[in-house]
Structures are given as structure tokens and as C-alpha cells.
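Construct the entire structure; sequences and hints are all you get.
Residue numbers (this note's numbering), protein chains in the order written: chain E, 1146 to 1514; chain R, 8 to 269.
Worth flagging that the hints you see were computed from the coordinates, not collected in a lab. Take these hints with a grain of salt, some might be off.
[As the list claims (entries may be wrong)] Okay, derived cross-link-like pairs now, DMTMM-like style, lysine to aspartate or glutamate, Cα gap no bigger than 25 Å in a straight line:
# : chain 1 : residue 1 : chain 2 : residue 2
1 : E       : Lys1498   : E       : Glu1471
2 : R       : Lys267    : E       : Glu1295
3 : R       : Lys267    : E       : Asp1288
4 : R       : Lys267    : E       : Glu1173
5 : E       : Lys1239   : R       : Glu197
6 : R       : Lys267    : E       : Glu1401
7 : R       : Lys153    : E       : Glu1209
[Claimed, not checked] Only part of the chain R face toward chain E is listed, based on derived beta-carbon distances under 10 Å:
#  : residue
8  : Arg32
9  : Ala52
10 : Ala194
11 : Thr229
[Unchecked claim] Computed list of chain E residues with no C-beta within reach of chain R, every gap over 10 Å:
#  : residue
12 : Leu1223
13 : Arg1333
14 : Arg1360
15 : Leu1451
Beta carbons: idealized from backbone N, C-alpha and C, even for Gly.
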Amino acid sequence: MKMFKVFTVTLLLFCAVLPVEARIEKRESIFYLPGRYNFATQRVYPELNAMLNVIDIGHGVLAEILITTKDEARAIELIEKDLFNRVARMFLGKEPRPRFSPSEETVAPEAVKLAWRVNKAFDWTHYLHRQVYDILSDNRVADKDQSIREALGYYLTEGERTFPLKIKSMQLMEGQSFSGYWKERYPRFNGAIWAYHWLQLAANEALLEPDPEARRRKIDTAVGEFKKMFSDPSRLPKHMPMAHEISPTFAKRFPEIAATFDNLHSFHDIYMDILTSPAVRNKRDAVYRQLDLMQAPRKDLETMPLHSLPPIPIEQQQTLLQMDPEEAMAMMMMTTEEQLDFLEMPPEKRKEKVDQLKKEADHSGHSGS
Amino acid sequence: MFYFLSTFIFLASLSAPAFGQADYRNLDPGRPITIEDAQPIEFRAFEFSFGSRYGRHQEGYELSFEPELKWGFSKNWQVGVSGERAVLDDGQRTDVLAGTEFHFLYNLNQEDFDLPAIAFRPELTLGAGDLGADHPHGALKVIVSKTFGFNRVHLNGSYTIGPTEISGRGGDLVNRYLYGIAYERTAPIEFFVLLFDLYAAAPIDGGRREIIYDLGTRIQMTPTWVFDAGFFHAIRSEDLDFGVTVGFSYVFSPRSIFPKGL
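What follows is the structure in C-alpha cells.
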């Protein structure tokens, strides 16, 4: 009894002295929208689903290493070598894969303590991601567009967790003092993250195919191309793939969701830059400042034209993926015909074209994003 | 009544078009260890769990069946109701209800690098059947959970207000006080946890404080089903020796309680 009293008094004192300030974050876990289609991707496209589960592991473990490893050289070795090889083995089926979608908290228990609000936003948007796959995968869903609109409607009920429905400026991702650090110091895993994003977009596009057999072939092709990137890392993307390039049909049909996913993906890069950059001392404050900027629905919107590419067969996207960020951004401003020509050009011609577009933009006073 | 009602709700839920992935780490008392964690179930989720517990006593055994239904009715809150039906054999066989418990759980915060997660759990236990208490009992439990990498530690402490019962009454649902610690190790890619706890509890019948340890595991079987199993052993008890538990949890929610969206 004495021990119990000591325990209780200690606990009550602890609770009483808790600093009740903004620093205390609420957990606020929320169940995702129930539907007959939930987990259809796992049932219909188990290999794609396995890739998505490994992607969750890759994202989580990456953050965990960055938070828990204080020595940068060690972190680079752990991520560029050990983690990359581990996820590659999982993707290629040489190591067991998670049976289900793992929660970030279980994979990255220390990393989620840094900025819980960011974790909530990531999780909530990943729910929408998975629901869109499940709806598009499930042939029992009669009106897929309506179901996706309902999923988006539910997503929007939690304003603090959502990413905007319009594309935010690339300046947020590429034009800040800490920008580019992650990409420069961790190039291989940065390519892996962009490959994740490519597969997610390619799957969105492939799943819109109405014929189930053709859809399955497209999904298989996307998964096959994705695996090739991990058996030959030179095939990893050289810029962050965006919906208007990789899933133009999806972007046209669901522009708000495509923009949300693009914003989520660019915020992943911003988050990585903040986590890795030694210049950013207070990571939590910095990441919350960036989240506020990213979530503001009308600020910092992309002003450059955003011309979708025509749908390019999945197995022919390597040329596109090997373009550097400047080339990819330049394509945003081109007409469809110019884009197709640009894709056919040799690298030196492409460089000339980009230089020419830059000059034109400078001349017209448009500095780009 | 609760026993049949919860079974009915569970069976009805199986046919409902409503599924979501369960949290296999969310610990409930007795599933399979006694100490629980500070996390409530998700807002708008329901969880049905059903466990069976076999305890070897000095003069026989007790086999109990323990259904529970929980609902995340608000962010950071859950409400639940659980029951216990026991078959007691100590020379003669008794098959009775042993009590019904209502609880709330409120989670104060998400843990960070310094602060653990803290939760409060008010409980109300009503007597039912020959093994249940004669009077209602109210209790308040404080729960603290802290994560260290793939390890978690949980502390529970509770105190119960209400009359002392005559010997043998009250079942497992109500103690005068209980305090203890649990250790949990997560295997995130394999989707299971290993659990150990050690706790002390004073029976509501005024008996001597018991000290018991549990060992157990929770395993995610499908996105919506979690299996649990455990072993317990009394280090000090006037009657209880050892036993095992086995059970499952199922998470679901009806679409009708979800907002239509903006």
C-alpha cells in the first residue's frame, strides 16, 4: 500500500507540474473512411501493395536514422548504403516485406516525436492516397469518381492535416536557404524517394484504365519498371516526378487530388532538407513554419504555366525521368507538341532549349518559380 | 444482457461494409496483460474484443469469457463496456456473470522527446451474478506510456472507491488498488509485440495484496483482426496460481457516423 501511495503521489505531482503550453501536442488519431473497397489494392494487386508497404518502411526508417544518428558521415553511410540496399532487397523480393501498411509510429518511433503535426498531415494524406488506390482497384465500386470525391470530402474535414488543392510554388521546395542539402548529400536515397513518388503517380494513372486486363498489365509494367530502378540505380529519377508528367489523365480528372499529392511530395523533400541541413538548428520550429507555408491555401501558389504532358507509356518514361529539375520545369511551359519534341532531343539540344527559355523568361521579366 | 448484446453487435458488424486497420499495439487490460497503454482507439473507430482466461487456483480452476466493446467517440477519447462470465470449479461447478464495467479513457497528449503520453481512465463497475460485487465501485486509473525506440514502458495506477466486498466477490474487474509496470517490444515489420508486466493489486474483498506477472503477445493477423495470447503467474496470492489468456480484437466502424465531407 505504501508503494502505491508513493507511486500515486509521484504521478499526480508529475501531472501537476506539466507545462501546459503549446508545446504539448494532442494525439488525435482518426479512423479513415470506411468503405467496401478498403484494402482492395492488397487483394487485387498484391505486388503493387507490397511495394507501397515497403515505401512506408523506407520513408519511416529514413526519418528515424536522420533523427537518431547525430554524426552526418554515419547517417550518410547508413542511408545511402545500408538502408538503400535493404529496401532494394525488399522491393526485389530478396528480403521479407511487411504484410500490411506499417504505421509510421512503429517504424520511426523517435522520428515521430519531432513534429507530431507533420506526422498527422503525412498520415492523413497517405490515407487518401491509399483510399484512391483501393477505390480504383475495386471493380465492385460502381461510381469510382463519386467514391473518390467522397474520400476527398472526408479528407477536407480535417483542415489542419490537409495539403492545398492547388500546386504550391516550387520555390518552397527549391528556393530556400536549406533547399537542396538533402539531394546533394544523399543523392541515391533521394532518387529512391523520387522513385517512390513516381510509382505512386504511375499507379494512379494505370488504375484509371477501364479494361481490367489492360489495367493489370499497366500495373505490372509500372511495378516492373520500379523494380528495375532498384536493381540499376542509374535508372532512378533525376527530378521529382509530378502528376502533370506521370499521371496526366489522373491530373485532368482529379486536379485537386493530384495537386494535393504533388504538394505532399514536395513537402517530403522540404522535410528532408530541414532534417539534414546543419544550418537549421531548431528542426521542429523550422518544419512547422514550412508546414504553415505549405498549408496556406492561397499563398505561394505556382504561377508558372503547368501544361500536362500527353500520357507516355510507362515503359517509355526513362528519358523523362532522367531529366534534371530545370529541364522538367521547362517542359511545364511547353505546348504538347514541343514537349514531345523535347523528349526526342539529345541532351545537348535540350540544354540549349532550356537556356533559350530562361533567356525568354528573363526578357519578359518572368523569373520563374 | 451485456454479454448477448455485445455478441450481437459484433456479429452485426461483420456484415457491415466498414473496415479499417487495427492498431495491434493498443493494449487493453487483460488482452493479454493487465497493464494498458495511454492511447485510446481512433476517433470514430469501434473495437470489439473477446478474450478467454483460464486461471488455476489452489482448489480448482476458473474459466472466464470477457467481451468488450469500445468506441472512439471523440478525438483522444474512448468509451467502453466490458463484461465477465465465469465458470468456477472448486469442487462444485458454478457458471455465473461476474460483473460489468463501463469506462472512459482520455489521452492528454502525444508523447514527445521529453514528455510521456498520459491518460486518465475513470471506471464504474456494476455487480452482476454470484461472483459480482454487491455494490457499484468507481475507480480512477492514471496511465503513462513512454517510447524508447522499439521499446515502450507503461505505468498504471488506480484506486477504487466503494465498499469492501465479502470474500470471493468482485471478480477480476474490480480491485481496491492496482499499480504496475509493463514493458513492450515491437517488431514493426512482423506486426507483433512482446509484452511483460508486473503488478500489485489488492482484492476488493479486503484480501492480501497480490503480486502477479504476465507474459504475452499481440499479433496482427489481418488489417482488421488482432490475436493475443498470454500467460500469468501469481508470485504472491492467497488463491491464484497461474493461468493463460487468449483472445482477439476486431476493429470496424459504420459509414453512417462519418461526415459527408465539405
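Hints, verified against the model:
no. : hint                  : verdict
1   : E:Lys1498 x E:Glu1471 : 11 Å, holds
2   : R:Lys267 x E:Glu1295  : 7 Å, holds
3   : R:Lys267 x E:Asp1288  : 16 Å, holds
4   : R:Lys267 x E:Glu1173  : 20 Å, holds
5   : E:Lys1239 x R:Glu197  : 16 Å, holds
6   : R:Lys267 x E:Glu1401  : 18 Å, holds
7   : R:Lys153 x E:Glu1209  : 17 Å, holds
8   : Arg32                 : 7 Å, holds
9   : Ala52                 : 4 Å, holds
10  : Ala194                : 9 Å, holds
11  : Thr229                : 8 Å, holds
12  : Leu1223               : 15 Å, holds
13  : Arg1333               : 22 Å, holds
14  : Arg1360               : 23 Å, holds
15  : Leu1451               : 24 Å, holds
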